[in-house]
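Asks: Go by the hints and put chains L, G and E onto chain X.
Now for the letters of each chain:
There are 4 protein chains.
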Amino acid sequence: MTVSPSALEELVTANRILAREGVVDSFGHVSIRHPDDAGRYLLSRARAPECIEADDVMQFTLEGAPIDAGGRKSYSERFIHGAIYQARPDVHAVVHNHSPSVIPFGITSTALRPVMHMCASMGTQVPTWDSRTNFGDTNLLVTNMEMARDLAAALGDRPVALMRGHGCVIAGTSLREVVFNAVYLELNAELQMKANALGPITFLSDGEVEAVLATRRSFTFERAWEYWCRRAGRPYDFRPMEGPLAGGH
Amino acid sequence: MTVSPSALEELVTANRILAREGVVDSFGHVSIRHPDDAGRYLLSRARAPECIEADDVMQFTLEGAPIDAGGRKSYSERFIHGAIYQARPDVHAVVHNHSPSVIPFGITSTALRPVMHMCASMGTQVPTWDSRTNFGDTNLLVTNMEMARDLAAALGDRPVALMRGHGCVIAGTSLREVVFNAVYLELNAELQMKANALGPITFLSDGEVEAVLATRRSFTFERAWEYWCRRAGRPYDFRPMEGPLAGGH
Amino acid sequence: MTVSPSALEELVTANRILAREGVVDSFGHVSIRHPDDAGRYLLSRARAPECIEADDVMQFTLEGAPIDAGGRKSYSERFIHGAIYQARPDVHAVVHNHSPSVIPFGITSTALRPVMHMCASMGTQVPTWDSRTNFGDTNLLVTNMEMARDLAAALGDRPVALMRGHGCVIAGTSLREVVFNAVYLELNAELQMKANALGPITFLSDGEVEAVLATRRSFTFERAWEYWCRRAGRPYDFRPMEGPLAGGH
Amino acid sequence: MTVSPSALEELVTANRILAREGVVDSFGHVSIRHPDDAGRYLLSRARAPECIEADDVMQFTLEGAPIDAGGRKSYSERFIHGAIYQARPDVHAVVHNHSPSVIPFGITSTALRPVMHMCASMGTQVPTWDSRTNFGDTNLLVTNMEMARDLAAALGDRPVALMRGHGCVIAGTSLREVVFNAVYLELNAELQMKANALGPITFLSDGEVEAVLATRRSFTFERAWEYWCRRAGRPYDFRPMEGPLAGGH
Numbered sequence: 001m002t003v004s005p006s007a008l009e010e011l012v013t014a015n016r017i018l019a020r021e022g023v024v025d026s027f028g029h030v031s032i033r034h035p036d037d038a039g040r041y042l043l044s045r046a047r048a049p050e051c052i053e054a055d056d057v058m059q060f061t062l063e064g065a066p067i068d069a070g071g072r073k074s075y076s077e078r079f080i081h082g083a084i085y086q087a088r089p090d091v092h093a094v095v096h097n098h099s100p101s102v103i104p105f106g107i108t109s110t111a112l113r114p115v116m117h118m119c120a121s122m123g124t125q126v127p128t129w130d131s132r133t134n135f136g137d138t139n140l141l142v143t144n145m146e147m148a149r150d151l152a153a154a155l156g157d158r159p160v161a162l163m164r165g166h167g168c169v170i171a172g173t174s175l176r177e178v179v180f181n182a183v184y185l186e187l188n189a190e191l192q193m194k195a196n197a198l199g200p201i202t203f204l205s206d207g208e209v210e211a212v213l214a215t216r217r218s219f220t221f222e223r224a225w226e227y228w229c230r231r232a233g234r235p236y237d238f239r240p241m242e243g244p245l246a247g248g249h
Numbered sequence: 001m002t003v004s005p006s007a008l009e010e011l012v013t014a015n016r017i018l019a020r021e022g023v024v025d026s027f028g029h030v031s032i033r034h035p036d037d038a039g040r041y042l043l044s045r046a047r048a049p050e051c052i053e054a055d056d057v058m059q060f061t062l063e064g065a066p067i068d069a070g071g072r073k074s075y076s077e078r079f080i081h082g083a084i085y086q087a088r089p090d091v092h093a094v095v096h097n098h099s100p101s102v103i104p105f106g107i108t109s110t111a112l113r114p115v116m117h118m119c120a121s122m123g124t125q126v127p128t129w130d131s132r133t134n135f136g137d138t139n140l141l142v143t144n145m146e147m148a149r150d151l152a153a154a155l156g157d158r159p160v161a162l163m164r165g166h167g168c169v170i171a172g173t174s175l176r177e178v179v180f181n182a183v184y185l186e187l188n189a190e191l192q193m194k195a196n197a198l199g200p201i202t203f204l205s206d207g208e209v210e211a212v213l214a215t216r217r218s219f220t221f222e223r224a225w226e227y228w229c230r231r232a233g234r235p236y237d238f239r240p241m242e243g244p245l246a247g248g249h
Numbered sequence: 001m002t003v004s005p006s007a008l009e010e011l012v013t014a015n016r017i018l019a020r021e022g023v024v025d026s027f028g029h030v031s032i033r034h035p036d037d038a039g040r041y042l043l044s045r046a047r048a049p050e051c052i053e054a055d056d057v058m059q060f061t062l063e064g065a066p067i068d069a070g071g072r073k074s075y076s077e078r079f080i081h082g083a084i085y086q087a088r089p090d091v092h093a094v095v096h097n098h099s100p101s102v103i104p105f106g107i108t109s110t111a112l113r114p115v116m117h118m119c120a121s122m123g124t125q126v127p128t129w130d131s132r133t134n135f136g137d138t139n140l141l142v143t144n145m146e147m148a149r150d151l152a153a154a155l156g157d158r159p160v161a162l163m164r165g166h167g168c169v170i171a172g173t174s175l176r177e178v179v180f181n182a183v184y185l186e187l188n189a190e191l192q193m194k195a196n197a198l199g200p201i202t203f204l205s206d207g208e209v210e211a212v213l214a215t216r217r218s219f220t221f222e223r224a225w226e227y228w229c230r231r232a233g234r235p236y237d238f239r240p241m242e243g244p245l246a247g248g249h
Numbered sequence: 001m002t003v004s005p006s007a008l009e010e011l012v013t014a015n016r017i018l019a020r021e022g023v024v025d026s027f028g029h030v031s032i033r034h035p036d037d038a039g040r041y042l043l044s045r046a047r048a049p050e051c052i053e054a055d056d057v058m059q060f061t062l063e064g065a066p067i068d069a070g071g072r073k074s075y076s077e078r079f080i081h082g083a084i085y086q087a088r089p090d091v092h093a094v095v096h097n098h099s100p101s102v103i104p105f106g107i108t109s110t111a112l113r114p115v116m117h118m119c120a121s122m123g124t125q126v127p128t129w130d131s132r133t134n135f136g137d138t139n140l141l142v143t144n145m146e147m148a149r150d151l152a153a154a155l156g157d158r159p160v161a162l163m164r165g166h167g168c169v170i171a172g173t174s175l176r177e178v179v180f181n182a183v184y185l186e187l188n189a190e191l192q193m194k195a196n197a198l199g200p201i202t203f204l205s206d207g208e209v210e211a212v213l214a215t216r217r218s219f220t221f222e223r224a225w226e227y228w229c230r231r232a233g234r235p236y237d238f239r240p241m242e243g244p245l246a247g248g249h
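In the order they appear, the protein sequences are chains X, L, G and E. In terms of our numbering, the numbers along the first sequence are unbroken and rise by one, the last being 249. In terms of our numbering, the numbers along the second sequence are unbroken and rise by one, the last being 249. In terms of our numbering, the numbers along the third sequence are unbroken and rise by one, the last being 249. In terms of our numbering, the numbers along the fourth sequence are unbroken and rise by one, the last being 249.
FYI, nobody ran anything at the bench for these hints, they're computed from the structure. Hints are not guaranteed to be accurate.
Repeated chains share a single entry, so a pair holds when one copy, or any two copies, can fit it.
Derived lysine to any residue pairs resembling SDA-like cross-links, with alpha carbons at most 20 Å apart [to be verified]:
{"no.": "1", "residue 1": "73", "residue 2": "50"}
{"no.": "2", "residue 1": "73", "residue 2": "219"}
{"no.": "3", "residue 1": "73", "residue 2": "149"}
{"no.": "4", "residue 1": "73", "residue 2": "216"}
{"no.": "5", "residue 1": "73", "residue 2": "45"}
{"no.": "6", "residue 1": "73", "residue 2": "132"}
{"no.": "7", "residue 1": "73", "residue 2": "141"}
{"no.": "8", "residue 1": "73", "residue 2": "134"}
{"no.": "9", "residue 1": "73", "residue 2": "56"}
{"no.": "10", "residue 1": "73", "residue 2": "237"}
{"no.": "11", "residue 1": "73", "residue 2": "217"}
{"no.": "12", "residue 1": "73", "residue 2": "239"}
{"no.": "13", "residue 1": "73", "residue 2": "236"}
{"no.": "14", "residue 1": "73", "residue 2": "215"}
{"no.": "15", "residue 1": "73", "residue 2": "59"}
{"no.": "16", "residue 1": "73", "residue 2": "123"}
{"no.": "17", "residue 1": "73", "residue 2": "226"}
{"no.": "18", "residue 1": "73", "residue 2": "62"}
{"no.": "19", "residue 1": "73", "residue 2": "8"}
{"no.": "20", "residue 1": "73", "residue 2": "54"}
{"no.": "21", "residue 1": "73", "residue 2": "113"}
Okay, chain X solo, but in the shape it has when bound (with noise of 0.2 Å):
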């Protein structure tokens, strides 16, 4: 089932403008379900984010297998994007990445928790999947669906989980909110690593978080689309959102 190529390159945007934002380097990923059908999703080659063409997207099923590989190499750990469609249908967009100031709320004690509104995304509470609870002392890859699954399962109704001595997976309802909140996430983590050797914080609370999360609207998303797409040299086209964040402030 073909692809529009107007989705293809939206998600080459979203590789690119990731990449600009210093939110993966030369390793994660981001993916779309497929828009046509549920049980398929989108994701580039194994390649470097910055280094994307609309070529490189290849389809998959959710168990990982590629449609139409055509001699291209997949990522290893693309199973993080089927086992997360599979356990939640509400999302359409997955980011895997290894967002520099979120490793080190994976590796201590310290909880990632909201410093400010833009990053209240991340909910009230992240939690953190460490591989070698279940499966001992890997090269720490998600490179099969029996991980994935206990990764998706860590990940539960939530939107973000960090993975010890790995990265983190982002899930949302679409492509323009996983690439904010990846880059949003990273700034959480950046501020409350500099507040936290100030003194004690006043993180969000519950309920700030809730009415964030309540309000926010994919104008939002479209404001941050631009500039993004501006600084990493793409053309800008607006996409009106449907469904429950559709509309703005």
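Replies: Frame of chain X; chains L, G and E shown alone:
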């Protein structure tokens, strides 16, 4: 009442500088009081500062009603600007941002104080406004005049107020002054955090802060403005300032 | 014995990447063992890595004697490379640098240890060599074979050694591998410092480090190399690797 | 007495390098003693270093009187330069800046000391001058010869002095040397702050600092100068140095 093209272009430049210098990202905004009508202010439509063009600039009453929207979407937090212009006849430009190094001081009990002469413009005491004190659990956005007046009251007659879990506001007598103060507020915050890790800090004395403010002239802002225009890829035009800050050192 | 233009260009690219990624500044250098003569190595004349061209590459005996100087000035610390090639037949590329986040670990007693899978290539133990131990008060430069052999002995059969008050050396089986490891050594150091400020760190276990090293393939280095070439403005050519690291994940 | 175009262009390049390397922003300045008249120095008109052109360079007596102002505005702090040239016949170039990582050491009691060989040029002891000690509450600017002489006395025969709540001065025998030392002073400050958070630091010994200074040659400055010219978009010309630092390693 129309505004000169040069005033509009200067406001565009201010937006681009704030973006280039890392004081705003996709969010944050800067306004000027209408040069010929003290009851209005000029502010872009809701757009990332780096993307703003002269055609994006709108006029608002001090209550935040757009004069000439023409289908353009307003910043939901525009009320911040009007409330400050109402309370402070001396103020002719306002910045609201989420300046990253400033955030930690708004969420901890460590007071932001001047550590060097360039940053003395924050004054000897920087208050923190917490939306939760009078408005409870909200999404933290200042989306009406009631909240904005509460913030303006916290600001009082000072140049800077922090906003807990959100950002800050900077008010001044000219556009070039508030941009200058926004950039050096961020720098002071960064330097103070670094120094704080080394040991007790010798801050500027109150007398030193007063001496800096008493002797600072518009030429200081001009020197920085030329530099920032170059970095932002914007043309520079020297604009001699009138009033108490005119002249230079 | 002449060297292929592509090998020279790859060495130039390595220099440019190390500069672009902030692992070297005006100083630091990278060499390869001569592809056809295990008793020689290739290293630029004394020049900042960002400025190096193919014509700058010189050949040296393992004792550090230039084969074909032609008036070109050698790095005074070239001996580092030869001493490691002498002691380690498995090594085909060496980086020496002053990687900024790594320096603090060489001058304090905090051990640099892998905090994430990408950085496991430093191994489970990173020694620190102190020139002062055997050579007393010097300018810290490794300017003869005696000092270089002392450093190589400290390195032993490991991939990385820190140099107190100076920098570090990274030794590996290919150019792309040592560049990769130099960049991720810097990242690990940065992440470890950040995590250290948050509390006790869960490092990778020894078993995890071994698992990463046992399963890492040249494809990992290729993915990063393509990205770094793009950032450094250099052409990318895929170079399938031979030997134990060949293939990919 | 006219100055060669190449000397003027070198001074312009020094300004651009200091800006590009983040050691100055809109403020800070660098001068040279007049090559043919020890009683004069060359310094730009009051302008941001990144914007300076050859036509901006003015001549001053050591008392700070402009020789040929021609309507150009002088830096109000030019007196710093003259006072140091008066007190130090060995000095031929001076930088004054607000180098960001250096500021914290001027406002706390933590001494700035060399942590690596590249940064040994600050010497074994860096004094801090506090304008308040002899001049009370001022705007901290060194705007007359009396203050400048007080600062020069604090500097003594050393290469660097910090200025509390303000910045620092770096004095040396050549322009390329002071630019080099300004950049590596900033780096040392950054590295020392990072190391300080990890635990007690092993600094360079006094003997090591002396050994670095005794063996450093102008070639070291040349290697960096070429690199920084490239980064600053300025042409590079090799300038062999005369005197005790001539030659290279």
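Asks: With identical chains, the pair residue 73 and residue 216 could be close in the same copy or across copies; at 20 Å between alpha carbons, which is it: within, between, both, or neither?
Replies: between (38 Å within a copy, 16 Å between copies)
Asks: Please work out whether the CA atoms of residue 73 and residue 62 approach to 20 Å or closer within one copy, between two copies, in both situations, or in neither?
Replies: within (17 Å within a copy, 40 Å between copies)
Asks: Taking 20 Å as the upper bound on the Cα-Cα distance, should residue 73 and residue 123 be classified as within, between, both, or neither?
Replies: neither (35 Å within a copy, 28 Å between copies)
Asks: Should residue 73 paired with residue 56 be assigned to within, between, both, or neither, using CA atoms and 20 Å as the limit?
Replies: For residue 73 and residue 56, only the intra-copy Cα distance (10 Å) is at most 20 Å; the inter-copy one is 37 Å.
Asks: Between copies, within a copy, both or neither: which fits residue 73 and residue 45 at Cα up to 20 Å?
Replies: Within one copy only: 6 Å inside, 39 Å across.
Asks: For residue 73 vs residue 113, is the C-alpha pair at or below 20 Å within one copy, between two copies, both, or neither?
Replies: Neither. Shortest intra-copy (37 Å) and inter-copy (32 Å) distances fail the 20 Å Cα cut-off.
Asks: Given a CA cutoff of 20 Å, do residue 73 and residue 237 count as a within-copy pair, a between-copy pair, both, or neither?
Replies: between (30 Å within a copy, 17 Å between copies)
Asks: Could you figure out if residue 73 and residue 134 sit no more than 20 Å apart (CA to CA) within one copy, between two copies, both or neither?
Replies: Answer is neither: 28 Å inside a copy and 51 Å across each miss the 20 Å cutoff.
Asks: For residue 73 vs residue 236, is the C-alpha pair at or below 20 Å within one copy, between two copies, both, or neither?
Replies: between (29 Å within a copy, 18 Å between copies)
Asks: Please work out whether the CA atoms of residue 73 and residue 8 approach to 20 Å or closer within one copy, between two copies, in both situations, or in neither?
Replies: within (18 Å within a copy, 29 Å between copies)
Asks: Check residue 73 against residue 59 for me: Cα-Cα at most 20 Å, and say if that holds within a copy, between copies, both or neither.
Replies: within (12 Å within a copy, 38 Å between copies)
Asks: Measure nothing new, just compare the shortest in-copy and cross-copy C-alpha distances for residue 73 and residue 149 to 20 Å and report within, between, both or neither.
Replies: The answer is neither: 22 Å in one copy and 43 Å across copies each exceed 20 Å.
Checked against the numbered hints given earlier, the structure breaks hints 3, 6, 8, 16, 21 and satisfies all the rest.
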